[in-house]
Structures are given as structure tokens and as C-alpha cells.
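Q: Residue-level listing of the chains:
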Amino acid sequence: AQKVTQVQTEISVVEKEDVTLDCVYETRDTTYYLFWYKQPPSGELVFLIRRNSFDEQNEISGRYSWNFQKSTSSFNFTITASQVVDSAVYFCALSLLSGGYNKLIFGAGTRLAVHP
Amino acid sequence: GAGVSQSPSNKVTEKGKDVELRCDPISGHTALYWYRQRLGQGLEFLIYFQGNSAPDKSGLPSDRFSAERTGESVSTLTIQRTQQEDSAVYLCASSLGWGSDQPQHFGDGTRLSIL
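So the protein sequences, as listed, match chains W and V. Heads up: the first sequence begins at 206 in this note's numbering, then just goes up one per residue. Heads up: the second sequence begins at 0 in this note's numbering, then just goes up one per residue.
The shape of chain W in the complex, shown without the other chains:
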């Protein structure tokens, strides 16, 4: 079975707090990619990061960091010193080459509310 589970449905924090969004995935494929997308209130999904299954190096981009652990099938996303503009729904997605195309399986999303 291929599945993505986002552990938290909603998170509410106060500005400047650190927050971690957890993502757990299931697949039997050995080659796959993991993505995070942000969906602000305006609705458009914004691509944040891509990670392939052979690269377990953590990545940091400004206040964002990602922790990929193949042993636990997790790809967690941390926002450091959160800001109100970070308020959005965040989606974790698993990408497989299935039937010759890029099949993207989304989690249900985590709604993050950052309060001033």
C-alpha cells in the first residue's frame, strides 16, 4: 500500500515558536521522492522541497528544515521562529513512478496557524 499520513491535523502556535510538522509514508518502492507543499489562504500550492529516497541528508533553507529518516519512513518539516505569514496548510506528498508516470500521493494536510 502507498500512503502518506500527516500526524497533526491542526497546529496552533504563537509567533517565534518553533514548530514541527510530522509526515510518515508507506511504500514498497525503493526509489521514490518526497515533497512538501504549502497552501496559503489564497489557495495555490507552492512547492517547498523535494527529497529522493537515496539522500537522507537533512536540509535547511532559511527558517525551514527537513529531517528525512528512511528507517522510520518519516519526512518531518520544522519551521524555526515561526511568523504569521507561515500560516497555511502544509501537504506532504510521496512521488512514485507508477505505470510510467509521476504519481503524487498527498497526505491530508496539516493546518498551521501562527498567532501574533
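No incorrect hints appear here.
List of simulated lysine-lysine pairs, DSSO-like, C-alpha gap at most 30 Å: (1) V:K10 x W:K243; (2) W:K208 x V:K56; (3) W:K308 x V:K56; (4) W:K308 x V:K10; (5) W:K243 x V:K56.
It is worth saying that the hints were derived from the structure and are not from the lab.
Starting from the known structure of chain W, fit chain V onto it as the hints suggest.
A: Relative to chain W, chain V alone:
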């Protein structure tokens, strides 16, 4: 360059009417995807185009739903005899190729409301 463009942004229609949603992918993107997002939920895959052929239509919820694509350009998603459960945001995405490393770039969606 321009991103993925969808029209209309919002569509309100009466139950039983047909609707047509349009997607203009990023120029040069060969792969195109349609998703449905119900209120407060994740994205549900509908259909994928590789060029103008649709190798995977498995996500279309019923035979009232159909989609086509002209070349590697515009795609239209048609819903016939709309029902209230069709109310959702319909998102279109495109990617440069169809490898699993290719990020999909999304449009703003069409918010469809069936009265």
C-alpha cells in the same frame, strides 16, 4: 514566465447543469494533472495527461467526469449533470516531464459550488 493558469476562478451553478473547467499549463510542460480538493481535505487525484493522451483515468469519480487536452497545451475538465457532491476546488498541475523527481506546479484552482 507564467505559472499554471486556471479559469474560471469561481463557478457557481445549479445542480444538473454541465460545467467546463480550463487549465493552461506552464509552457513546455508535457505532463498535466487534475486534482479535486474538498473543503478541509487533501488532494484527490483525478486524471493525468502525458502530452494529449491520458494513460490514467482511474481517479475520475464517475462517467459524468471527462477531460481532454489539446497537444501539450490547454486541458479542459468537464462535469456533466453536476451534483452537490461535486462542489470542491479543482486544481490543475503541470510538470516538465513525468519522472517521479519532477515537482508539480499548481494553479490557483477553480472553486466550484453546486447549488
